[in-house]
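Chains as they are written, first to last, in this note's numbering: chain A, -4 to 320; chain B, -4 to 320.
Quick caveat, the hints were computed from the structure, so don't treat them as lab data. Keep in mind the model is a prediction, meaning the values are calculated, not measured. Honestly, I wouldn't trust all of these hints.
Given that identical chains are not distinguished, each listed pair holds provided it fits within a single copy or across any two copies.
[Said to hold, decoys possible] 25 angstroms max Cα-Cα, derived DMTMM-like pairs, lysine to aspartate or glutamate:
(1) K228 x D95
(2) K130 x E11
(3) K293 x D154
(4) K314 x D286
(5) K158 x E24
(6) K260 x E303
(7) K319 x D243
(8) K130 x D118
(9) K126 x E24
(10) K130 x E24
(11) K319 x D117
(12) K263 x E309
(13) K290 x E184
(14) K126 x E272
(15) K86 x D118
(16) K299 x D191
(17) K130 x D117
(18) K218 x E278
(19) K130 x E155
(20) K126 x D185
(21) K86 x D150
(22) K282 x E184
Okay, here's what each chain looks like letter by letter:
There are 2 protein chains.
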Amino acid sequence: MRDYNHYLGLVNEAIENIYYPSQPAQLYEPIAYTMALGGKRIRPVLTLMSCEALGGDPMQAIDAAVAIELFHNFTLLHDDVMDRAPIRRGKPTVHTRWNDNVAILSGDTMLTMATQTITRVDDAVLRPMLKLFNKTAIEIYEGQQFDMDFEQRHDVTADEYIKMIRLKTSVLLGCACKAGAIVAQAREEDADAIYDMAVNLGLAFQLQDDYLDVWGDPSTFGKEIGGDIANNKKTFLLINAMNLACGDDAAELRRWLACSDPALKQDKIMAVRALYEKLGLKELSRKTIEDYSLKALKLLGEVKMSVESHHSFENLINKMVNRKK
Amino acid sequence: MRDYNHYLGLVNEAIENIYYPSQPAQLYEPIAYTMALGGKRIRPVLTLMSCEALGGDPMQAIDAAVAIELFHNFTLLHDDVMDRAPIRRGKPTVHTRWNDNVAILSGDTMLTMATQTITRVDDAVLRPMLKLFNKTAIEIYEGQQFDMDFEQRHDVTADEYIKMIRLKTSVLLGCACKAGAIVAQAREEDADAIYDMAVNLGLAFQLQDDYLDVWGDPSTFGKEIGGDIANNKKTFLLINAMNLACGDDAAELRRWLACSDPALKQDKIMAVRALYEKLGLKELSRKTIEDYSLKALKLLGEVKMSVESHHSFENLINKMVNRKK
Chain A
-4 MRDYNHYLGL
6 VNEAIENIYY
16 PSQPAQLYEP
26 IAYTMALGGK
36 RIRPVLTLMS
46 CEALGGDPMQ
56 AIDAAVAIEL
66 FHNFTLLHDD
76 VMDRAPIRRG
86 KPTVHTRWND
96 NVAILSGDTM
106 LTMATQTITR
116 VDDAVLRPML
126 KLFNKTAIEI
136 YEGQQFDMDF
146 EQRHDVTADE
156 YIKMIRLKTS
166 VLLGCACKAG
176 AIVAQAREED
186 ADAIYDMAVN
196 LGLAFQLQDD
206 YLDVWGDPST
216 FGKEIGGDIA
226 NNKKTFLLIN
236 AMNLACGDDA
246 AELRRWLACS
256 DPALKQDKIM
266 AVRALYEKLG
276 LKELSRKTIE
286 DYSLKALKLL
296 GEVKMSVESH
306 HSFENLINKM
316 VNRKK
Chain B
-4 MRDYNHYLGL
6 VNEAIENIYY
16 PSQPAQLYEP
26 IAYTMALGGK
36 RIRPVLTLMS
46 CEALGGDPMQ
56 AIDAAVAIEL
66 FHNFTLLHDD
76 VMDRAPIRRG
86 KPTVHTRWND
96 NVAILSGDTM
106 LTMATQTITR
116 VDDAVLRPML
126 KLFNKTAIEI
136 YEGQQFDMDF
146 EQRHDVTADE
156 YIKMIRLKTS
166 VLLGCACKAG
176 AIVAQAREED
186 ADAIYDMAVN
196 LGLAFQLQDD
206 YLDVWGDPST
216 FGKEIGGDIA
226 NNKKTFLLIN
236 AMNLACGDDA
246 AELRRWLACS
256 DPALKQDKIM
266 AVRALYEKLG
276 LKELSRKTIE
286 DYSLKALKLL
296 GEVKMSVESH
306 HSFENLINKM
316 VNRKK
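My request is simple: use the sequences and hints to build the entire structure.
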């Protein structure tokens, strides 16, 4: 079992070798641009790690790994159109640099490229791989739709939020790990346990995202603190606050939610953060993250793998959940 | 070999039986709405016809047929967003009735549903089917991009236009026929010939579309005559006119292209049509349609099938190419 950077190197090399036809340029340039933006590449790395941990040759899982990264980047591309996001990984998003139509059509193309790439796996594992991949894709669309629905609702529960982020972000981590297990032709119990492990890791990861937006250290976080608060984003924290706040606290929260004055942005961030703290959400948030990562570690313990592999995954879980950015 | 309506009945029944989860409603309702809009269902009918003509059981091809219709409707859904089209088959388009985000995400979901559906074919034909389906999808995106590129260009040649419509519309008819051949486990020569037959049929069909917009009979055409002219749509006719017109004709054409005054719409349609006729484009258009349908008939002759099946395809080609709407 090698370290993260070893797998990352394999993944990056494979991504650099993706072939893009030269014409139509407006179709393929945005795809090459998107794939070159980088990112942590956590999903394809998980696929290779999982394959090797379960006794497979990680290079046999490279197509599945690249397919999942292509798919992930397709979802970001279309999500950025839907969210009108101007920036992704420090660069203009595709719909900003080109236009909406280019973003829609390049995204469609990436989805089919991802499907073509996943199809390159061996005959022996083709059907379970397609089944996992397509099922995961559908779940992710459902998660994105729930996320958009939630923005229009005022009665979202914390359970609904967890269900939404499970669909929108966690199942793809599960898919990444299980894809590696499928290539390794692992026992079904192991494939399922490593899937569940990654789903729990994904939940912890997403809640950590929500946490860092509020209590992250501006010097290490990499983006502005408080963006979710400023934009009234329905995070784990805001949803819990809306459900828990009573009396004056509820009135104050409502007042800040109604305020979009840019001049009051810092005041809003400070006030809402103070409210979160008063409501005990900093502790609830840490505890929930801790619970999901403990669950991930427990599930990891159920998967038969070498001590060394186990250790690598354990490190990764701890790193992802305790990350500062 | 049964008639068109027999296959259409099988297709419509299968489409009615597609399962849509109830939640999230905003994701699945637009898909059910789109699939219920109907249409000629020419592609899935071709799949069943082709399968039966080549010795297969058409019901074994029903998943492939439905997958291709799902895929086709996904492309219409996303194209309508890109083209800002308000109406499709007499009803508001999804992005008009809901919104752009709903249209983007429902479309993505339809694409993955199509891929899931195509995957239901037998193991023996899974790989060639996926290869055909994914390759066709990529070609269609390329065609759509070329179509959008052409709207910004003034030097498009007739050959480029034919290449574009081959990608954007004809290869899916080819795919529909070849999918039936693959399920029937037909000989490769037959599968390829029926593919080429359908591609030529598709070219004739699309050129007939361009023709009917200008010279169709308003009482049978079903939509307003002259829409392409009014919108400066780069059809086979306009592209040829731009390349062939000289002197005063060229100046007149340019003048009308620059005119978007709604009050002059009928004048523009009459004038541009007269110019097309003066340039011999009515005859060129009929001759080109004739050439592609003759080529389709010739290729049909190369496919080994019963006299009865041959006759059914021949009828279909003649009907599609001589249609009035």
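Going through the hints against the structure:
1. Proximity of K228 to D95 under the C-alpha cut-off of 25 angstroms is found in both arrangements, the shortest distances being 23 angstroms within a copy and 21 angstroms between copies.
2. Proximity of K130 to E11 under the C-alpha cut-off of 25 angstroms is restricted to the inter-copy arrangement: shortest distance 21 angstroms between copies versus 27 angstroms within a copy.
3. In the homo-oligomer, the alpha carbons of K293 and D154 lie at most 25 angstroms apart inside one protomer (22 angstroms), although the nearest pairing across protomers, at 63 angstroms, exceeds that limit.
4. With identical chains, the CA atoms of K314 and D286 are at most 25 angstroms apart within one copy only, with a shortest distance of 15 angstroms there and 66 angstroms across copies.
5. Taking identical chains as interchangeable, the C-alpha atoms of K158 and E24 lie at most 25 angstroms apart only when they sit on different chains, with a minimum of 21 angstroms there against 35 angstroms within one chain.
6. Taking identical chains as interchangeable, the C-alpha atoms of K260 and E303 are never at most 25 angstroms apart, the minima being 48 angstroms within one chain and 75 angstroms between chains.
7. For a Cα distance limit of 25 angstroms, the shortest separation of K319 from D243 qualifies neither inside one copy, at 33 angstroms, nor across copies, at 70 angstroms.
8. In this assembly of identical chains, K130 and D118 lie within 25 angstroms of each other by CA distance both inside one copy and across copies; the values are 19 angstroms within and 19 angstroms between.
9. For the identical chains of this complex, K126 and E24 are inter-copy neighbours only, at 23 angstroms across copies versus 30 angstroms inside a copy, given an alpha-carbon limit of 25 angstroms.
10. Taking the closest pair of Cα atoms, K130 and E24 come within 25 angstroms of each other only across two copies (19 angstroms); inside a single copy the shortest separation is 29 angstroms, beyond that limit.
11. Taking the shortest Cα distances, K319 and D117 never come within 25 angstroms of each other, neither inside one copy (39 angstroms) nor across copies (49 angstroms).
12. For a Cα distance limit of 25 angstroms, the shortest separation of K263 from E309 qualifies neither inside one copy, at 38 angstroms, nor across copies, at 71 angstroms.
13. In this assembly of identical chains, the alpha carbons of K290 and E184 lie at most 25 angstroms apart only when taken from the same copy (16 angstroms versus 56 angstroms across copies).
14. In this assembly of identical chains, the alpha carbons of K126 and E272 never lie at most 25 angstroms apart, being 44 angstroms within a copy and 55 angstroms across copies at closest.
15. Proximity of K86 to D118 under the C-alpha cut-off of 25 angstroms is found in neither arrangement, the shortest distances being 39 angstroms within a copy and 44 angstroms between copies.
16. Taking the shortest Cα distances, K299 and D191 sit within 25 angstroms of each other inside one copy (14 angstroms), while across copies they are farther apart (52 angstroms).
17. Proximity of K130 to D117 under the C-alpha cut-off of 25 angstroms is found in both arrangements, the shortest distances being 19 angstroms within a copy and 19 angstroms between copies.
18. Only within a single protomer do K218 and E278 lie at most 25 angstroms apart by alpha-carbon distance; the minimum there is 23 angstroms, versus 64 angstroms between protomers.
19. Within a single copy, K130 and E155 get their C-alpha atoms as close as 20 angstroms, which meets the 25 angstroms cut-off; across copies the closest is 39 angstroms, which misses it.
20. Proximity of K126 to D185 under the C-alpha cut-off of 25 angstroms is restricted to the intra-copy arrangement: shortest distance 17 angstroms within a copy versus 31 angstroms between copies.
21. Taking CA atoms no more than 25 angstroms apart as the test, K86 paired with D150 passes in neither setting, with 35 angstroms inside one copy and 33 angstroms between copies.
22. When the C-alpha separation of K282 and E184 is checked against a cutoff of 25 angstroms, the pair qualifies neither within a copy, at 28 angstroms, nor between copies, at 65 angstroms.
Taken one by one, the earlier hints fail for this structure at numbers 6, 7, 11, 12, 14, 15, 21 and 22, listed in ascending order.
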